[in-house]
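Engineer: Sequence:
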Amino acid sequence: MDALTKFAPRPSGVGEMFQLLRDGRPRTRADLAQVTGQARSTIAARVDLLLASGLVAPAGEASSTGGRPPATFAFAPSAKLVLAVDLGATHARLAVTDLASTVLAEHHEEISIAAGPEAVLDRAAALGLKLVEQAGRSSKDLVSVGVGLPGPVDHDSGRPMNPPIMPGWDGADVVAHLQGRLPVPVLVDNDVNIMALGEHRSQFPDVDHLLFVKVATGIGAGVISDGEIRRGAQGAAGDLGHIAVAGGGDAPCRCGNTGCLEALASGRALAEALSSQGIPARSSADVVRLVRAGDITASHVVREAGRTIGSVLATCVSMLNPSVIVIGGNLAEAGEHLLAGIREVVYRRSLPLATQHLRVVGSRTRGRAGVLGASAMAAEHVLSPAAIEALIP
1 MDALTKFAPR
11 PSGVGEMFQL
21 LRDGRPRTRA
31 DLAQVTGQAR
41 STIAARVDLL
51 LASGLVAPAG
61 EASSTGGRPP
71 ATFAFAPSAK
81 LVLAVDLGAT
91 HARLAVTDLA
101 STVLAEHHEE
111 ISIAAGPEAV
121 LDRAAALGLK
131 LVEQAGRSSK
141 DLVSVGVGLP
151 GPVDHDSGRP
161 MNPPIMPGWD
171 GADVVAHLQG
181 RLPVPVLVDN
191 DVNIMALGEH
201 RSQFPDVDHL
211 LFVKVATGIG
221 AGVISDGEIR
231 RGAQGAAGDL
241 GHIAVAGGGD
251 APCRCGNTGC
261 LEALASGRAL
271 AEALSSQGIP
281 ARSSADVVRL
291 VRAGDITASH
301 VVREAGRTIG
311 SVLATCVSML
321 NPSVIVIGGN
331 LAEAGEHLLA
341 GIREVVYRRS
351 LPLATQHLRV
361 VGSRTRGRAG
371 VLGASAMAAE
381 HVLSPAAIEA
391 LIP
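Here the numbering used here is used: the first residue of the sequence shown is 1, the next is one more, and so on.
Just so you know, not all the hints are guaranteed correct.
[Unchecked claim] Here are the computed distance ranges between Cβ atoms for each label pair:
| id | residue 1 | residue 2 | range |
| --- | --- | --- | --- |
| 1 | 25 | 141 | 45 to 53 Å |
| 2 | 58 | 244 | 33 to 41 Å |
| 3 | 247 | 318 | 43 to 51 Å |
| 4 | 289 | 102 | 53 to 61 Å |
| 5 | 119 | 37 | 53 to 61 Å |
| 6 | 257 | 54 | 50 to 58 Å |
| 7 | 167 | 206 | 37 to 45 Å |
| 8 | 25 | 207 | 15 to 23 Å |
| 9 | 207 | 280 | 37 to 45 Å |
| 10 | 115 | 37 | 20 to 28 Å |
No lab work stands behind these hints, which were simulated from the structure alone.
Ideal placement from N, C-alpha and C gives every residue a C-beta, glycine not left out.
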């Protein structure tokens, strides 16, 4: 008896039975009957409904123990498409994926989130339709959209809530705006939450406690605890960048306070620090370019930023006890300088028990964490038991 057979819940309908097939493993009708305890006739009827929907497809024949080999069936993630939209302060990355978050077409460009919801979301919808075409598919195959925004989001309504770096977006009805152009379910979350989800699902699926830290124009964290995203009461969990740093002084932050981590260690802050020393830099990308070119001052500034971030993360480690801290965002592309500074302080200032098995690593998704997480969030919505029951009579 495999683990699925031993621990699987007893499905009451076709939506629950579909969940047993989502791992992609081919199963026979007899396998499903054994797991569910349901009659063969019931299983056969539900398999036929799933086959008709296209979400399940024939997967060959199982080994025969005598007589005709039984047919097997498996989840067919290519049946439908998801549009994943990762919006940052200065960039947009979009991807069209299948229902297993396999990227089929993608696009990246510079944008300004300060241009406002109408301009940015209209651009995202237009690019999404182009990507569907590039993937060789029809817009009728699109079943959901996942969006990440660089600020606090009320996940239930999809509305940004007092976002400090998104002028004109507070309370914007992102879902309604996009559904006016793409008439499918739209899921919206904070960009760092979807990055955490993307990194977790694609690179660390067996890790139940993970902290994803984005270091870019701003600084934020996505918290995975017990295998699930933790958003907090108002969607503001993980707002790392606006924690006051000891010794931060009166460095002004865009949130209106002073001495915040973002005001001291974000890509914008480091670019300003270098510019004040006569080294031209306007953005995180410029800082990374200077480090890669071997500029000693830029390398020193980035390592010191890592130490500052590490001082805040040490508190997070003591409170949340993650197994893995993943450092992402474009400033993480500066290489080991940022990671070395973070590790130096985290391991020195956190309790030995909390750091005994802790790994602090760079993102492994090469900039795709956001779109992978947005895809996973949107796919999960349309593949839930309730959604499948609604789709199939």
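Engineer: Next step is simple, just say for each hint if it's right about the structure.
Structural biologist: Consistency of the hints with the structure:
1. 25 / 141: 45 to 53 Å: Cβ of residue 25 to Cβ of residue 141: about 24 Å, so the range 45 to 53 Å is violated.
2. 58 / 244: 33 to 41 Å: violated (59 Å)
3. 247 / 318: 43 to 51 Å: Between residue 247 and residue 318, where Cβ atoms are some 19 Å apart, the hint is violated.
4. 289 / 102: 53 to 61 Å: Violated, at about 32 Å.
5. 119 / 37: 53 to 61 Å: holds (55 Å)
6. 257 / 54: 50 to 58 Å: holds (52 Å)
7. 167 / 206: 37 to 45 Å: holds (41 Å)
8. 25 / 207: 15 to 23 Å: Given range 15 to 23 Å: holds, Cβ gap about 22 Å.
9. 207 / 280: 37 to 45 Å: About 40 Å separates the Cβ atoms of residue 207 and residue 280, which means 37 to 45 Å holds.
10. 115 / 37: 20 to 28 Å: violated (56 Å)
The structure fails hints 1, 2, 3, 4 and 10 (numbered hints given earlier, in ascending order).
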